Amino acid sequence: MPFQQPPLPYPMDALVPYLSEEQIRFHYGKHHAAYFKNLNALVEGKPEEQMTLREVVIRSTGPVFNNAAQAWNHTFYWNCMAPKGGGEPAGELAQAIRRDFGS
Numbered sequence: 001m002p003f004q005q006p007p008l009p010y011p012m013d014a015l016v017p018y019l020s021e022e023q024i025r026f027h028y029g030k031h032h033a034a035y036f037k038n039l040n041a042l043v044e045g046k047p048e049e050q051m052t053l054r055e056v057v058i059r060s061t062g063p064v065f066n067n068a069a070q071a072w073n074h075t076f077y078w079n080c081m082a083p084k085g086g087g088e089p090a091g092e093l094a095q096a097i098r099r100d101f102g103s
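Using the working numbering, the letters of the sequence shown correspond one by one to residues 1 to 103.
Hints should not be assumed to be uniformly reliable.
What the hints assert, rightly or not - For lysine to any residue, the following SDA-like pairs were computed, each having C-alpha atoms within a straight-line distance of at most 25 Å:
no., residue 1, residue 2
1, LYS30, GLY91
2, LYS84, LYS37
3, LYS30, LEU8
4, LYS30, ASN73
5, LYS37, TRP72
6, LYS37, PRO17
7, LYS30, ALA69
8, LYS46, PRO6
No lab work stands behind these hints, which were simulated from the structure alone.
Predicted, not measured: the structure shown is a model, and the values here were computed from it.
Work the whole structure out from these sequences, hints included.
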């Protein structure tokens with residue numbers, strides 16, 4: 001089965017005003033999708049086609065690695081954000097930010 005781009009964990013407009021719906025549509029719908037399309041073309045009929053995405057990232061090199069890693073990275077990126085998520089850093093992280101960036 002080809003590698004499939006997972007659905008976003010929220011609606012396309014859920015991160016406004018930090019990311020616009022247009023930005024998400026382009027980044028997710030074109031950019032992220034292209035990594036899956038390219039990866040599937042590169043591994044068709046090869047052993048990597050039967051691996052998980054994580055296994056391909058760990059075991060491959062060159063263009064297969066590049067596309068698999070970007071597909072994985074972007075999936076991670078989308079899952080690290082949440083509507084109304086985040087908030088102010090606390091503890092050691094907050095102290096390091098204030099120390100290093102003054103805010």
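Each hint tested on the structure:
1. Of the supplied pair hints, the one linking LYS30 and GLY91 is violated, its CA atoms being roughly 38 Å apart against a limit of 25 Å.
2. Proximity of LYS84 to LYS37 is assessed by CA-CA distance (about 31 Å); at most 25 Å being required, the pair is judged violated.
3. At roughly 13 Å between alpha-carbon atoms, LYS30 and LEU8 fall within 25 Å of each other, so this suggested pair holds.
4. Proposed proximity of LYS30 and ASN73 is supported: the alpha carbons are some 15 Å apart, at most 25 Å.
5. At most 25 Å may separate the alpha-carbon atoms for a hinted pair to count; LYS37 and TRP72 meet this at roughly 13 Å.
6. With a C-alpha separation of about 29 Å, the suggested pairing of LYS37 with PRO17 is violated against the 25 Å cut-off.
7. For the proposed pair LYS30 and ALA69, the alpha carbon gap of about 16 Å is at most 25 Å, so the pair holds.
8. At most 25 Å may separate the alpha-carbon atoms for a hinted pair to count; LYS46 and PRO6 meet this at roughly 22 Å.
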